[in-house]
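Residues per chain are reported as follows:
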Amino acid sequence: MHRVTVRLGEATVLQDVSFELARGCFLAVVGPNGAGKSTLVKVALGLVTPHSGHAALFGVDAGAGPERIGYVPQLKTFDRTFPATALELVATGLRRRWPARVAAPEREQARAALSRVGAEHLERRQLARLSGGELQRAYLARALARRPQLVLLDEPATGVDFLAEHDLYDLLEVYQRDTGATVVMVTHDLSAARYHADRVLVLNRRVHGFGTPDEVLCESCLERAFGHLGHHHALAF
Amino acid sequence: MSLADALHLAFMQRALAAGALIAVMAGLLGVFVVQRRLSFLGAGLAHAAFGGMGLGAFVIVSSGLLASGVGLLRHPLWIAAPFSLLAALGIAWVREHTELSSDTAIGVFFAVSVALGVLFFSIIPPDVNLGLSLMDLLFGSILAVTGPDLIAIAVVAAVAVTFLLGLWGRLGYATFDDELARTDGVPTRLLEYLLFACAALVIAVSSVVVGIILMAAYLVIPAASARLLARSLAQMTALSVLLALLSTVVGLALSYLVDVPSGSAIVLVQAALFLVAAALARR
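Top to bottom, those sequences are chains W and C.
Each residue of the first sequence is one higher than the one before, starting from 0 at the first, in numbering that gives the first Met the number 0.
Each residue of the second sequence is one higher than the one before, starting from 0 at the first, in numbering that gives the first Met the number 0.
In case anyone wonders, no lab produced these hints; they're calculated from the structure.
One thing to keep in mind: the hints can contain errors.
[What the hints assert, rightly or not] Now the in silico label distances, taken between C-beta atoms and shown as ranges: (1) E214/W <-> R188/C: 39 to 45 Å; (2) V111/C <-> R67/W: 46 to 52 Å; (3) E178/C <-> D169/W: 23 to 29 Å; (4) D15/W <-> E178/C: 23 to 29 Å; (5) R123/W <-> V259/C: 55 to 61 Å; (6) G165/C <-> R128/W: 28 to 34 Å.
[To be verified] Listing some non-contacts, in silico: residues in chain W with all C-beta distances to chain C over 12 Å: (7) R22; (8) G131; (9) D169; (10) D177.
Here the structure is a predicted model, which is why all the values come from computation and not from measurement.
Heads up, the beta-carbon is just placed ideally off N, CA and C, and yes, glycines get one too.
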């Protein structure tokens, strides 16, 4: 990203955000509520056009190559009244449209993706009946089904329990190790950023730190972004 | 005369053909209306059609087109359809560009259209015979479907079914999660405008037959019943069309046998099927 500024109405959501990420990195984006973390992901996906500056992935404009990206959205956007099975959700990751019928080759690919995240037993289950952790696995399987070179996750641990959260990070690390993919994850969890990411971006509308966890997750940097550190819970790692 | 004999009558054949086409269109469209929580859209656009019909009737009477030999030109539908289309696009625009909710946007167009409809119908001299009464418009008269009505319904059905089936996968994806679909290159905004435009045309041509007041039910009840029974969007779509077709055929038969308005009979059959679906879904 190069000097990306995003304005929504009168508000400046991102200001002059610049950073460059090498292939194969695991980047955690941290910051307080309203810091522009999700907007940053939307810029990378090509869903939000910057007011100024430029965002590119793999040398092409953001949004130009959706087949190279696997996206795991926040679970709160999910409509539980929609009639769908986990297999159909995963198939959207392969077909990029809703399947009327999942054909045999796609079914095998979708099953393999579910199996990769330990969710093969969810294949025929209705999405509405899945727990937060199961739903998160189904969405991750969908994102990984087309073997993306970049995995973008927007607060993937929201609404899932401790074990499911750590399973998720393990699965991401295995996928990254196997494929050399880049992972970008928005999170509130500073411990997860500390232990799972090899790069951390501290954001609060502008970049307050970008580097390794040791360099960036320091008291002064976090205080600049968060304003204060509460009861120092943030640094309890 | 028995029901079998009645099937040989031209008006009954037209009614069945029109009813079947409307059922297929409404059944397909209803899936997206229900899943996108736009049930009020059907009522809003049907009332927009009423405003368009009023304007169309006024234009036809005041311009002398009533004496035209071309049946379709004497029909207010050719003005009502584009009027409804504009209302639908207006609602979609307000949804996209303002912070107003869908219900509020639809409510504004709903009220203005009814006011315009009443205004135009009130200034047409009462002795003018449009071949279409206000009661027919409000409650439908499927047994009075004319040749030009059937042509208009068939043309819109061809366009609507092609659009809804051709883009079903993309519409389904955008309905499931607009943002996720956009990340995969689905033009969700364009699809929403096209869906609203399609709904406007379907409702405008169908409301002449089913009635403005009952058209909203046609769009919602079969799809809602299908949702109760379906495990996938494809199943929901197939069931919605089947239930709309079944209710149309049974409703028309009841309308003929018991001599009740066809629109009421069809919607009451749909309601009965909904109750059956709800009972089955609870088991």
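Hints versus structure:
For E214/W and R188/C, the hinted distance range of 39 to 45 Å is satisfied, since their beta carbons lie about 41 Å from each other. About 48 Å separates the C-beta atoms of V111/C and R67/W, a value consistent with the hinted range of 46 to 52 Å. The hinted window of 23 to 29 Å between E178/C and D169/W holds, with their beta carbons roughly 27 Å apart. For the pair D15/W and E178/C, the beta carbons lie near 25 Å from each other, so the given range of 23 to 29 Å is met.
For R123/W paired with V259/C, a C-beta distance near 44 Å fails the hint of 55 to 61 Å. Between G165/C and R128/W the beta carbon distance is about 32 Å. The supplied range of 28 to 34 Å therefore holds. No Cβ of chain C approaches the Cβ of R22/W within 12 Å, the least distance being about 20 Å, so the stated non-interface status holds. The Cβ of G131/W lies farther than 12 Å from every Cβ of chain C, with a closest approach of about 16 Å, so its non-interface assignment holds.
Consistency note on D169/W: stated as away from chain C, and its beta-carbon is indeed over 12 Å from all of that chain's, at 24 Å minimum. Its beta-carbon lying about 23 Å from the closest one in chain C, D177/W satisfies the requirement of being farther than 12 Å from that chain.
Figure legend: structure checked against the earlier numbered hints; the only hint not met is number 5.
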